[in-house]
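K.L.:
In case you want the letters, here they are:
Number of protein chains: 6
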Amino acid sequence: MFPNKKVQALVGSRVQVEMKGDKNTLEGKLESADDNLNLHLIDTFEIANGVKSRSLGSVVLRGNNIILLIPKGE
Amino acid sequence: MFPNKKVQALVGSRVQVEMKGDKNTLEGKLESADDNLNLHLIDTFEIANGVKSRSLGSVVLRGNNIILLIPKGE
Amino acid sequence: MFPNKKVQALVGSRVQVEMKGDKNTLEGKLESADDNLNLHLIDTFEIANGVKSRSLGSVVLRGNNIILLIPKGE
Amino acid sequence: MFPNKKVQALVGSRVQVEMKGDKNTLEGKLESADDNLNLHLIDTFEIANGVKSRSLGSVVLRGNNIILLIPKGE
Amino acid sequence: MFPNKKVQALVGSRVQVEMKGDKNTLEGKLESADDNLNLHLIDTFEIANGVKSRSLGSVVLRGNNIILLIPKGE
Amino acid sequence: MFPNKKVQALVGSRVQVEMKGDKNTLEGKLESADDNLNLHLIDTFEIANGVKSRSLGSVVLRGNNIILLIPKGE
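Protein chains in written order, with our numbering: chain A, 33 to 106; chain B, 33 to 106; chain C, 33 to 106; chain D, 33 to 106; chain E, 33 to 106; chain F, 33 to 106.
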């Protein structure tokens, strides 16, 4: 299963996403994803130093700025 | 609804956008958006430390430099 | 009007462009632009701390390294 | 053999991947890879200062943020 | 004339190129350029603090990492 | 000869490659290259402060993260 299909298969479950920049680790429920790995997350919050910080709600992430994505339920 | 369609659906409402770089958080009314997530915002201002700072008016944002986009009216 | 058409419509007028990197704010007259937001500016100068610094003349900017573009005459 | 075919040939074996950002060196078993060098790794852990640190399990990496990839079994 | 055609028209003359990263300002004779703004420069040297530093000879530059390009003979 | 053809013509000879990030200068024998400037190097080592440091062997480099490439035998 190609990486983008792996991500498609995660729609509906929670994922952790590390974005470019210093402190941009987010966790949310994956609402949708496309082949560029653009993501729409809901119930999203930021994670700083391993703990939840800011609650963000609905967030769209630009795929090219994603460093890595980790499924939380596996 | 794919992430770029989610963004299209936000045209006409206010969004907060975090761009690459240290201090580039912007909020404005989404005037238009394309599939690369290039955005045209109007009534835009910068946000620093959670408060409005510089007023920018009409601004075009290059999609690949967007980290994340948060709808403000949801 | 899509964001890249918005930029096309600015050809002939002055724009301010914030590029990636620490100190790359430029202002110039937009001579041409393509759909990747590659720009050709003339009569360009750098802006540092809000004031004109280095004069650059004719400059080509690579679109993917543009953070944001602000029309100066609106 | 073109670079992306070289990577395809590594599916099933362990690779070390250096991502953009300060501390993002990962090692894992390459589960899948596409022509953009998007990667799906399993049994992944972070490497800091040459030693294993955080265990990450299943991870999807965005190809454009990969600096370099080193096969571990050659 | 679109920006990439502007660059094509500079083949054979000297250009200054600012690349991503801290100290990557280069000057050389533009040997070739493509539509992605990938460049081949010859007789290239680095510029640090406004003066020539390291001589590099023949250099290929990846277009997406070019911040800006300035013609030297205009 | 376009820049990517210039790189193709270097297959079989040694090249020095400066990647994004602070300390990523590599030298190796160019085993293959594609039009995105993805590279496969063999007999690769890192260069720090002008001297060889870590030996890396076989390495795949993602083209978009290449700042510049210098042929070593010209």
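Accuracy of the hints is not assured; some may be wrong.
Stated by the list, open to error - Here are the simulated lysine to aspartate or glutamate pairs, DMTMM-like style, with alpha carbons at most 25 Å apart: (1) A:Lys104 x A:Asp67; (2) B:Lys52 x A:Glu63; (3) D:Lys84 x F:Asp67.
Note that these hints are calculated values from the structure, not bench results.
K.L.:
All hints are to be evaluated individually against the structure, with a verdict given for each.
P.N.:
Verification of the hints:
1. For the given pair, Lys104 (chain A) sits about 21 Å from Asp67 (chain A) by alpha-carbon distance, which is consistent with the 25 Å threshold.
2. Among the hinted pairs, Lys52 (chain B) with Glu63 (chain A) is consistent with the structure: their alpha-carbon atoms are about 24 Å apart, no more than 25 Å.
3. Pair hint Lys84 (chain D) plus Asp67 (chain F) does not hold up; C-alpha atoms about 35 Å apart against a cutoff of 25 Å.
In the structure shown, a violation is registered for the earlier hint numbered 3 alone.
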